[in-house]
Every structure is written in C-alpha cells, then in structure tokens.
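Taken in order, these protein sequences are the chains called V and G. Using numbering that gives the first Met the number 0, read the first sequence as starting at 0 and increasing by one per residue. Using numbering that gives the first Met the number 0, read the second sequence as starting at 0 and increasing by one per residue.
Be a bit skeptical, because a hint or two may be false.
Simulated restraints, written as ranges between beta carbons of each label pair [to be verified]: (1) V197/G - D55/V: 25 to 31 Å; (2) S198/V - G252/G: 49 to 55 Å; (3) S165/V - L407/G: 31 to 37 Å.
Away from chain G, derived, C-beta distances all over 12 Å, residues of chain V [as the list claims (entries may be wrong)]: (4) L113; (5) A140; (6) E142; (7) D147; (8) I192.
A partial selection of chain G residues facing chain V, derived with a Cβ cut-off under 7 Å [unchecked claim]: (9) V222; (10) L379; (11) L390; (12) L542; (13) N592; (14) V607.
These aren't lab readings, by the way, just hints derived from the structure by calculation. Just so we're clear, the structure is a prediction, and the values are computed from it rather than from any experiment. Ideal Cβ positions, reconstructed from N, Cα and C, are used throughout, including at glycine.
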Amino acid sequence: MSKTNAAAEKVLTFKPTAALTRCVWRVAAMSTPFDATSAALDHFALFGLPQRYAIDQRALEQSYRDVQTKVHPDRFAQASAAEQRVSLQWATRANEAYQTLRDPLQRARHLLELRGVDCGLETNTAMPADFLMQQMQWREALEEACDDRDLAALEQLAQELAQQTSARLQHLAQHLDGVRDDLAAAGELRCLIFMQKFSLAIDDAREGIEGHA
Amino acid sequence: MALLQIAEPGMSSAPHQHRLAVGIDLGTTNSLVASVRSGTAVCLTDAQGRALLPSVVRYHSSGAVDVGDLAQQSQAEDSRNTIVSVKRFMGRGVSDVAHIENAPYDFVDAPGMLQIRTCAGVRSPVEVSAEILRVLRARAEASLGGPLVGAVVTVPAYFDEAQRQATKEAARLAGLEVLRLLNEPTAAAIAYGLDHAVEGVYAVFDLGGGTFDISILRLTQGVFEVLATNGDAALGGDDFDHRVFCWLLEQCGLHQLGPRDTRLLLTKAREAKEALTLHASARVTAQLDNGEVIEATLTSEIFTDITRTLVQKTLAPTRKALRDAALQVSDVKGVVMVGGSTRMPQIQQAVGAFFGCEPLNNLDPDKVVALGAAMQADVLAGNKAAGDDWLLLDVIPLSLGIETMGELVERIVPRNSTLPVARAQEFTTFKDGQTAMRFHVVQGERERVGDCRSLAHFELRGIPPMVAGAARIRVMFQVDADGLLSVTAREISTGVEAAVSVKPAFGLADEDISRMLRDSFEHAKEDMHLRALNEARVDAQRLIEAVHSALEADHELLESEERAAIDCRIEELQSAMKSEDHRAVKTATDALNRVTDTFAARRMDRQVAQVLKGRRVNELDF
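Produce the complete structure using the sequences and hints provided.
Structure representation (structure tokens):
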C-alpha cells in the first residue's frame, strides 16, 4: 500500500542543467478539458444524460457520436483556423467526457466529484482490514502462479477477481443511486481501483507466460 | 448513396466545386497515389500505366535525382547513392535502426534523426521521402488536371511522434498541404468497410515492407472507431529478406561483402521470398563482384524455419491490441489483410490459426491503403454531402509522459486514447524562490526513460519567486487528430502567465528546414518567394470563403459592431492579397482569424446544443 502513497507524493527531478533548479513536485493528476476552471465540468450534461451512476450505454454512445459528427476536426479540414481550434477543443472535450462516462470506475469518480466528495484516491490509502488481507492473499497467489508458470491458476485468480469486482460494483451503484451514501461509495471506489490494478498485474503475468510459450 | 439530390427552396447553393484531393501511401517498398473520381477511388498511374512507384531515390553528382523504377534498376551499380526503404530511417537515429551495418550508405549521425551522405550532398530521410512525394504530386496534378487542395498521407499506426512529424515535414517539403496523417490500417478499414458495407468488430493485419500494424476497429453505420492498435515500427518484409540473406551468406560461406554485393544478395533474397508465395522452392544464383558465382536452393520448409520468430513477433502485438480493446478472439468478425508481406503463406497460416478464421484477402493488399486514404481525402476536402460521409475516430498508438525522479516515466496520455485528446498535470516548485523548471517529454510503454523515445526537452522560465510548493504549474499535453503532440506549461496560481509551446522537431532545427526548402527550390527551379506568396493567397482565399459561408449561415450570432469588425478585416485581407508581400497577406489572415474566434466558438456551441435538443426530454427517464 505504501507504493501508492509514494506515487502520490512523488518528487520529480530532471536531468541536471546548471542554470535551473530542477525539482518539481506533482500536486495532482487531473484529466482536462480546455477550460482552465474546469474542475466541475459536467460530462453528463454534455451528452444530455441524467446525473447518476446507472447509465444507458446506447444513449451515451449515440450522443457521443452525434456530438463528434458535429465537432470533429475532420469536419473542419477546410475551415478557418479559428473554427479548427474550436473544433479541436470540442472534440477533445467530447472524447474526455465519453471515456469518463463509459468506464464504471471513472464514471463513479466523476459523479462523486460533481457532488463535491473528495474520493481521496491519492491521499487516503486506509483500507478495511479484511480487504487488505484479501489483497495479500491474492498477491501471494499471483506470485506463486508466476513462479510455476501456471496459466490455469492465473485464470482462476482472474475469475475470482471478476466475481468480487462485480459484487462491489453493485454496492457502488447502491451507494450512489439508491440509499445515497457518498462516503461509502468513495470507500468502495478506492477498493475497486486497487482491484483494477491487480487485474492488470494478472494480465501482465499471463502475457509474460504466453509470450514465452 | 443518394441517387438524386432534391434541393429545398432557399437551400440551393452554387454548384459545388469538386476539390482535387489525393490519398498517398508512402510505403517502405512502394508508394502510391489515389483519388476519388466520379465517386470511385482509383490509383493514379504514371505514363506507362504503373500504379506502384518503388520507394527508391538515386542521387547523381550533377544534382539530378531519379525516383522509382529507374532508381531501382541502378540499386546494385550505385548502391551508395541509391536510397531504398528510407521509411525505416524516418525520425530515427543510427542506433535505432536494426541491421544498419548491412545498409550500404554513409550515415551521418545527426541528433534526433540520422542523415545520409550522397554524391549530391548530405540528405535527411525527410528530403529523400519528399523526392518520392514530389513525383506522386506531379503525377496526380497531371492526371487530375490541376493543383491539389491537399493530400491525406498515410503512416503506420504504430509510428511514433518523431516519425509522424518527419512524414508531415516531408509532405510540406514536397509542396503538399497535408489534410490529415491517416493510419494505414485505418485507411484499409475505410476502403474495406465501405466496399463491403460490413458492420461489427474487425481486425486489420498490416504487414508492409518495413512496418507491422494491428488495429482493432468497430465498424457501425457511418462510424469507423479504432478500439486499439499495436504493432512494431521495425518489422516487415525487409526483415524476412534479411533472414534469407543471412542464410545465403551461411550457405555459400561468405563474409564481409561490399555494398554492391550486399544489395545484390538482398535483392536475390527478396525475389526468392516472393517466389515461395507460389512455389515450394526457389533457386538463387548470383555473380559477385569478384566473379564468383553462388548458387543455393531455398525451400518453403527452410524459409518457414528461419522466419518462424519473425512470424511469432506479429502475434504478441496482436494479443496486446485485443487486450487493450477488452475483446476476445471470438469477438472479431474478420481479419482484413493488408501489405504485400501478408502474401507469405506463413503469415496467412499464422493469422488464420490465431483468429480461428480465414483471413480476408479480397482487396489488393498493395493498393487498399492508398484507396482508403483517397476516400478520406475526398471527405476532408469537403466533396461529400453531409450524411453521405462518415466519422473516423482513431487513437494514439503509444503513451506520452514526462520524466520523473529516478529516470522513471510519469504517464500523462495513455496509449489507445481516442484522438484528439488533452491531459494536464499540475506541478509545483521544490525550492523557495525557484523561477524555472525543466521538463523532458517522452513516448513509450516502458517505465524507464532510457527505454522510451525522447521527444523534447523544454524549460518554463519566469515563474514568480514564491515559497516552495506555492507555484502551480499546469503542464498540458494536446494530441491533435493527426496524432501530433503539442505541450504547453503555464503558471496559474498568481495569474502570471508564462507559457511555452513545444512542437517537438526531432533534430530538424528550423535552419535545417529552411535549408531543405531552399535546396528543394533550387532543385525544382521554383521561385521560393512566389510559392510562399501563392500559398499565402490560397490560404487567405480559403479563409475568406470559410468566413463568408459562416456569416451566411449564422450571422445572427453577431452583434452589429462584431460584424463590422469582421467585415473590416475581410476588406483589409482582400487588399493585402493584391500586394506582392506574402508576410502582409499572412498578417492580415491571422488578424481575420483572430477576430472570428468568438464567432467560431458561438457557432459550435449552437451546433452541439442542436444535436442534443429533443433528445434530452425522452432520455431523462429511461
């Protein structure tokens, strides 16, 4: 867990040059539309969708395509530089909004942000004890499977993870849309993000084994 | 497609002028140019009826340049000055190119991109590519009967920033207006998708002469959406030739060949490989410089054996692309085969086995990319009516990031993000009173800076002195629809703006570019000033037309004084166009552009609002 902490407070340095003080410090990562005062741009509103976790994927896709059809730079290849710039900004914004809304975890995070809830993804690394135990067991299972180059074990681990993920996603949905409990949702979201990272680690391990098969 | 067009009253406009635009496939081995004529994309041929232009350029000491077949014929006799497969060198340094010791050239290792010393002087790969593009441009203008408004130039999907920039620069040098850099597999998907009216998830497997791409796309009515792409920018038919070449050396007990023999045997190796597409074995005979005659027989089995690892090298990126698209093999409805190297039976078998279906070979793998590019050029030139066109959503192939402590990479834009994309990250000062910061922009998937490609270093100066941690420096990465990056940094906490803008130039300094332009004009006997003036006037005219049509459509969005300001700038531009000073034209163009900024923004707001109107009501409660 300390790894995440370190990542959040990473000190950046750059190759030495005499004239400069090179050390910078990352404040926060944020995704960004063109507007500098962007923190609370509402992606739901852009696509005319209600501000809630449950989403109509088809309506989202359709809105996204309709918007891109109007604003995409390909529509403005012969237009003035001013129009091309506006088109680039809008198309960028539409992509940003679409990518955020179609991913359940990013959508949840965005919704919480709109509600003014700090998810503490970079600062709050306190996890429930049982979740931490579970994590440790999974990590051990992953290491073992890697050492044994055991694809079947990896597959089983991936399935177990998928099951737990979908259970947690249901809780997340309830906290966000049902009996509203934003703080509980934020906690659930933090766990889910850990699980997503672990899922990527399993994929990497699989790839490593398959690549050398 | 609409068979007859019904004009609504008051909506009919002047007969639409067909703008001449082309698609160019700038290939490692061959290049092509295509255009849409009477609604159909066709490859344009030279006077002899040949569509394929070998991507070979020969420099003579007289300053004359041969491109294509003529240059190819002199490969063996003048290998040092005859540049083949120049695409492998685009945006690359000497240490980046595999088997460079076998290339018979006198390389100059310039920072960012290598150069080649020829009898006509030192040439950058950008200049060599521009020679090829110039021939294609001339062919197109002769064939279509007029100057081009622009071209869509294709690049391998897995080309990085440096390689894309180099390609765009080459087009600029050849006097082409680049409407868009288009990924080759995406171009193929357009040609295939439109020809066969298919829907669903398709893979495009594109193995060319020097590059390999795999793209996964979702094709739906009027939308081509790239879900993921992967590949190897240094894997292609050339590598298969090289394996055969090495095998020949071993079989015949040869070492240390001169440039002429090397070129000869590489050509023989390629011929043998091509013969194996239809035959079980191929006989190789060659007479070396010293009179020695070598002979060998390459069988299909031997070839399969010596190239097995190369075939395998295409499958790992394929797996990664599927994984990034979050899809299984079974989700893929078909695999479109592109690039001359997919003719190898070994590739066909491997792809068939991996996807569990017969690969789709019903389009000419050499031409499909140029044809798709021509279709896209037709759309971008505005020759298609709204509703009759399509939307293309492509992705960035490689992640972009910034160097952080311990020479690690902080990823800012992840690979396979849909274009255009922007991401920002905030940084702050580490020391009290710090007034400058230095950033290193890199591209790649590896964690260590040394394993990624270095794109640019830039410094932000003029940060007001504050205590450590108080400054807020916002670094923004913007990748446009061509997949090209620009980076800006700005201090925002005090309202003091110190902004820098970086367009990584990859070793091509501005002086280099102006020297190349000068050289190319001398070579083409064109007047540089005249061309600059013409280009400025064309740009100005295009802008005036664009503004006029915008005013016609949406004039009510402007207050009367705003309208007056725009009209005034139009008049100023029109009078500047009558002068002989291209700078004056440019300045007046910029001024008109600036004064229409707000108007452009309002027009777009209204467009988007209209799209969503009417839907909001019925979809609020689903």
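Status of the hints after comparison with the structure:
no.: 1; hint: V197/G - D55/V: 25 to 31 Å; result: holds, 26 Å
no.: 2; hint: S198/V - G252/G: 49 to 55 Å; result: holds, 54 Å
no.: 3; hint: S165/V - L407/G: 31 to 37 Å; result: holds, 34 Å
no.: 4; hint: L113; result: holds, 17 Å
no.: 5; hint: A140; result: holds, 21 Å
no.: 6; hint: E142; result: holds, 19 Å
no.: 7; hint: D147; result: holds, 21 Å
no.: 8; hint: I192; result: holds, 15 Å
no.: 9; hint: V222; result: holds, 6 Å
no.: 10; hint: L379; result: holds, 4 Å
no.: 11; hint: L390; result: holds, 5 Å
no.: 12; hint: L542; result: holds, 5 Å
no.: 13; hint: N592; result: holds, 4 Å
no.: 14; hint: V607; result: holds, 6 Å
Figure legend: structure checked against the earlier numbered hints; every hint is met.
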